[in-house]
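Listed below are the residues making up each chain.
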Amino acid sequence: MYRSKYILLLLCLLILPFKNGNAQKKPLKGKALFGSLRARHIGPAVMSGRISTIDVVNSKPETMYIGTAGGGLWKSNSAGASLSPIFDDYTMSIGKIRIDQQHPDTVWVGTGETWVRNSVSVGTGIYRTTNGGTTWEFKGLGNSERISSIIIDKSDPNVIYVGVLGDLWNSSEDRGIYKSINGGNSWERIFFIDANTGCADMDVDPENPEILYAAMWDFRRQPDFFTSGGPGSGLYKSIDGGETWSKIQNGLPDETLGRMAVSVAPSNNNVVYATVEVKDKSKKGLYKSSDAGNNWEKVNGDFNTTVRPFYFSRMAVDPLNDSIVFKCGLDLTISKDGGSSFRTVGSNVHSDIHDVWIDPNNTKHIIIGTDGGIYESYDGGYLFKMYMNLPVSQFYHVSVDMESPYNVYGGLQDNGSWYGPSSSPGGISNQDWKMTYGGDGFYSFRHPVDKDIIYAEYQGGEIIRYNEKTGQAKSIKPYPEADQPEFRFNWNAPVHISPNNPERLYFGSQFLLKTEDRGESWVKISTDLTTNDPGRQRQKKSGGLSIDNSTAENNTTIYAISESPKDEEVIWVGTDDGYVQVTQDGGATWNNVTNNIPDIKSGTWISYIEASHYDRDVAYVTIDGHRSGDMNSYLYKTTDLGLTWQQTATEEVEGYCLSVREDLVNSGLLFLGTEFGLYITVDGGNSWSRFENNLPRVGIRDMVIHPRDHALIMASHGRGVIILDDITPLRQMTPEVTENDLYFFETEPTVLKDPGSGTSWYSGAGNFVGSNPDESAKIVYYMKKRHTFGKMYLEIYDSEGNFIREAPAGKSAGINIVEIPIRSRKPKAPPTNNRMALVGSLFGPSLPAGPYKVKLIKGKDTYDSQFELTYDSNSPYSNEDRKIQYEYTRKLYNMTEDLAYIYYVLQEMTTQAKSRAESDKKQSKKLLAFAETTERLASTLVSLSGDFYVDEGEEIGELISQLYRYVSSYPGKPSDSQIDQAEILDDKLDIIKEKFEVLVSVNLQKINDRLLKNDLEPISYLPKEDFLKE
Amino acid sequence: MKNKILTIIGLILSVSVVYAQDVDEIINNYFENTGGADNYEKMQTLQVKAVMNQGEMQLNMKMIQKKGDKLRAEIQVQGKTIIQAYDGETGWFINPLMGSEAPQKMPPEMLEEMQQEKFESELLNYRDKGHSVALEGTEEIEGTETFKLKLTKNNGDIEYYFFDTEYFVPIMQRAFVKSGPAKGQETETYISDYQEVGEFMMPFFIDTRMNGQSVMKMTIEGYTLNEEIDDSIFVMPGE
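Protein chains in written order, with the numbering used here: chain B, 133 to 1162; chain E, -3 to 235.
Keep in mind that the hints were calculated from the coordinates and are not lab data. Where a beta carbon is used, it is the ideal one built from N, C-alpha and C, also for glycine. Heads up, a few of these hints could be off.
[What the hints assert, rightly or not] When the alpha-carbon atoms are kept at most 30 angstroms apart in a straight line, the in silico DSSO-like pairs for lysine-lysine are as follows:
#	chain 1	residue 1	chain 2	residue 2
1	E	Lys76	B	Lys1161
2	B	Lys992	E	Lys45
3	B	Lys990	E	Lys45
4	E	Lys146	B	Lys161
5	E	Lys114	B	Lys923
6	E	Lys76	B	Lys1125
7	B	Lys286	E	Lys179
8	E	Lys144	B	Lys1046
9	E	Lys45	B	Lys192
10	B	Lys923	E	Lys38
11	E	Lys76	B	Lys1023
12	B	Lys1161	E	Lys58
13	B	Lys517	E	Lys76
14	B	Lys916	E	Lys144
15	E	Lys45	B	Lys917
16	B	Lys1120	E	Lys76
17	B	Lys1156	E	Lys45
18	B	Lys960	E	Lys58
[Stated by the list, open to error] Chain B side only, calculated, beta carbon under 7 angstroms to chain E, not exhaustive:
#	residue
19	Ala164
20	Asn209
21	Thr256
22	Arg260
23	Gly264
24	Gly265
25	Trp268
26	Asn664
27	Tyr894
28	Ala945
29	Val950
30	Pro953
31	Ala961
32	Tyr1081
Build the full structure now, drawing on both the sequences and the hints.
Right, here's the structure in full:
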């Protein structure tokens, strides 16, 4: 007893000093910091993005799973009519999907794409769902980085084989083939060649689940080089469930092998196909074995059977016919004669096919995954329909213009350069996006001054100037002067617009190039800023067994450029071979500050530079070591032009760093894009939190802050453009703020957007529509603790303190963004069976522009705040027009309520008179006569006989509500006809009111006197005020 | 070093906090703190008056529930009433806005959802109901630490309940759409504004979100407990 007390005391002693120390500056973190701040996805899906793997439930082909290169895992229950991401809490890069076809709610997903191009992401192991993707369980192999194949033993679904391709940029002991006999609870590595050789493909005998075929691949990528093939590569077979493996290469070329695919015919287990990569062009191609792999024979060496094995090594054999072979490649090709000849399928299908599924119950039904999304054919691969609702586009970079609404520009992996609006009536549709150039797109900008001009580029330094008016693009690629060294451009060569001079454009080769005449001429403003290491200039030989000189391995080039917004003479450059250089005299002299950066292996890729908006001496640099096997997060800051650097990414940050932006208003607010999402600090980098609200763990390659609209626009490499619409709460988030129980942030006045019409049409399901920004008025507050007990809500008042309405409040700890209704209460209307009349009366009139007060009631406490509404300065309506509109809206509103009340009273009088008549037969004649009068009048007020569609009547109630609808929903002046009609209806209503008055003051009086005399309860009803409140 | 010590202490403390709580303790605490399991078991009827907020639109709603999973909801739309009801077997509705004031039988998907609406909390005596509940550690919900309880119902359906670790009331419930095009998608219900109603603590604000976005915010104006309610109001007219 004594002892335990002592230990407690000791613990207290230990904790208290630290706790107190921490309490003072306890950083705000994660969900408690961001509260209800939420990202918005605008796609697009028009060009979709790279699909790495697909699988479909054979017995229910409308159920499919789609794995993408960087946009996560998607599912459809409706043959693509609707697609949903179902894996957003996990890794975005998918290697292999395998449905347990005998229990189709069980699906295995191996992460880490295996089409190992230069821009490929990384995986984190294997996962399983047993409920069709609703929930997932991590099943291990966390160091696998890339999983190429998963096989479920058809006789025992707890027996799983997994082919691990493994690390791309390292050697790794985790490669090989793994087996679990307990549903993935534990794994045994059953086949391993060496640390350089992974499993690239695996297939199983359709009859005997103990017989496995595996293609092992020796490969490696470096920043400047790719090697496919090596001594470890080989084709293997096991006949004992993976206990032992033997090489089956009899008939294959007797030389170093590269990446191979292997497929057993589902209808004939003796027929096995393999695609073989070797150096000798005459020997590479498709091989076939008719004796279960014992002997092989080359059957085809066409382009599509040999092209880019590292990128295209999937193959499938028709489920019913062992002679029909599908080869994924630059195109999908199909052979019907066992591989002797192939036809190319599909017109107008995106190139670069990574996976194919053939419906075993209808083999003309084919689904393919490409660099540009999913396509489906029902005629055996002649015509394909594209899925237009898969927004997995891989942006490299992003920029914005100053239009209203602003447009977003960017270039994508294998999908060109595009721009589209940040908002569009009815949502941002595929048709809203415009393509400006092809190839692989990267940087793209609208000219800051000349609105006809858009700059774009494609891989390896091909820059163009596109004139939107003429629709023509001019190449403005710079060339070296005579006898000067050739320019070296990165795959993703940096284009940078000066923040100080809209006509100045920079372009990076190994030299920094500058134009001030829109690319007509370029000036070299530096010496070679790279290491110029010939050992890193091997791109022409890159590829290993198959030369693959696509410019993807170009190295010793400039990769990042940033001119200081504070001083145009200060320009920063970062290179892909690890140099950071800065000039203070517009490029006349350069200072290589690389060696001042601590703890970085020399030669590590500089991925982004952001010169500060506040101080010419300050800059941020992200360094990305993943291409040399270093996955750590590096964000360095200098405050002295590069003399000293401080690591600013804490251990809270996960993923190698790709981009950084400093806020334009608050220098302590930084945004950091990593391979695993967006990180935000509000205290200059002391503490970072991952932003998770509708932002998956997708690579954020670039960001831009809109200077007018306070939005953060992100180029995600797998989920298109993602936007944080309003970062102003983050700008105001300080440690002092967080000491308040509740703190209101300042909000900009809300511009009342006039409601448009004609926003959408019946396009059915199957088209992606990006969400628009939320344009409602908002109040934003920080709350220290979540509100759980007691009432909490908002009351809204006009500037004079007149109550308008109540509204729900946000209850979360952290930032609460609460939508404020911008219409007053709907009018209380009489019932109707007329559709348009009902619709009209469901909405209150819009609030006029001006300041408003908000009371936030939280238990016993009240907090006061305000917000302001303003009219859109671009709208054509004068304040005078709006005043008339408001006046008539109010008039019709009041008429609606007057009529509602009259109708209510008449109803009460009718029912009560009838019920009194029942209880006293002597009075019934008079009472029923009275009821008849009231009923008759009521029946002239509204039409209740209709069907809300084509059998509708109209009485004065409907006419008022319909007119109210037209007048209240158009922000300008009502038409003269509408005004006349309002007056006519008002006159008619006056007549009704007169009749009603007589009824109440004379007839009802008499009836009530009579009732009282006979000891009956007089007819009563609510006073108008109470009725309207009810 | 300082960090390490803190981490170790933190570990000890969090372990003792998390694992000292077993599932039953959390659930019992909840029922005891909010009215007592006995009172929950004894409850016969429950009526709720609420305002449904969907953006600018506000509609008044009344829900009447009775032991035996009987349920009737009435939504007022400008003098018209939409009715949705279930008598424990038959589900039906009247929607005058769809052109008819005649009662109609619910389509099967709607009925299936209705059948899942139990009068009594699924957590109350969950074992007797054939359900199981597991504690899956803690999770931060709206900036508040919660115990994450996984309820696996006798039919295999899964729901999660997130109990405030400080006050032992659920602040969020996560369920999954069971059929239709949104099948598998999660529906989250955020619960707050607990207040005393007789012997109970009842929530007065419920925010329903799909894919993280609010689809309906319900402000409860009042509860009426254990008032006598005739079974006939749950039965489809003409049945």
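Margin query: For the restraint on Ala961(B), tell me whether the closest CB of chain E is nearer than 7 angstroms.
Written below: holds, 5 angstroms
Check: Does Trp268(B) meet its interface restraint, that is, does its C-beta lie within less than 7 angstroms of any C-beta in chain E?
Finding: Trp268(B) check fails; min Cβ-Cβ to chain E is 12 angstroms, beyond 7 angstroms.
Next item on the list: With a cut-off of 30 angstroms on the C-alpha distance, tell me whether Lys1161(B) and Lys58(E) pass.
Entry: holds, 17 angstroms
Notebook entry, point to check: Does Lys286(B) pair with Lys179(E) here, judged by a C-alpha cut-off of 30 angstroms?
Noted result: Given pair Lys286(B), Lys179(E) holds - Cα atoms ~27 angstroms apart, limit 30 angstroms.
Checklist line | Proposed proximity, Lys58(E) with Lys960(B) (alpha carbon, max 30 angstroms) | finding: With Cα atoms ~18 angstroms apart, Lys960(B) and Lys58(E) stay inside 30 angstroms; holds.
Next item on the list: So, Pro953(B) near chain E? Judge it on the closest CB pair being under 7 angstroms.
Entry: holds, 5 angstroms
Next item on the list: Would you check whether Gly264(B) satisfies its interface hint, that is, whether its CB is within less than 7 angstroms of any CB in chain E?
Entry: holds, 6 angstroms
Checklist line | Lys144(E) paired with Lys1046(B) [C-alpha distance capped at 30 angstroms] | finding: violated, 58 angstroms
Notebook entry, point to check: Quick one, is the Asn664(B) hint okay against chain E at 7 angstroms, beta carbons?
Noted result: violated, 43 angstroms
Note to self: Need the status of pair Lys990(B), Lys45(E): alpha-carbon distance at most 30 angstroms?
What the structure shows: holds, 21 angstroms
Item checked: Satisfaction of hint between Lys76(E) and Lys517(B), Cα-Cα up to 30 angstroms -> Roughly 46 angstroms between the alpha carbons, so the hint for Lys517(B) and Lys76(E) is violated.
Checklist line | Proposed proximity, Lys917(B) with Lys45(E) (alpha carbon, max 30 angstroms) | finding: holds, 28 angstroms
Going through the hint list in order, the structure does not satisfy hints 8, 9, 13, 21, 22, 25, 26, 27 and 29.
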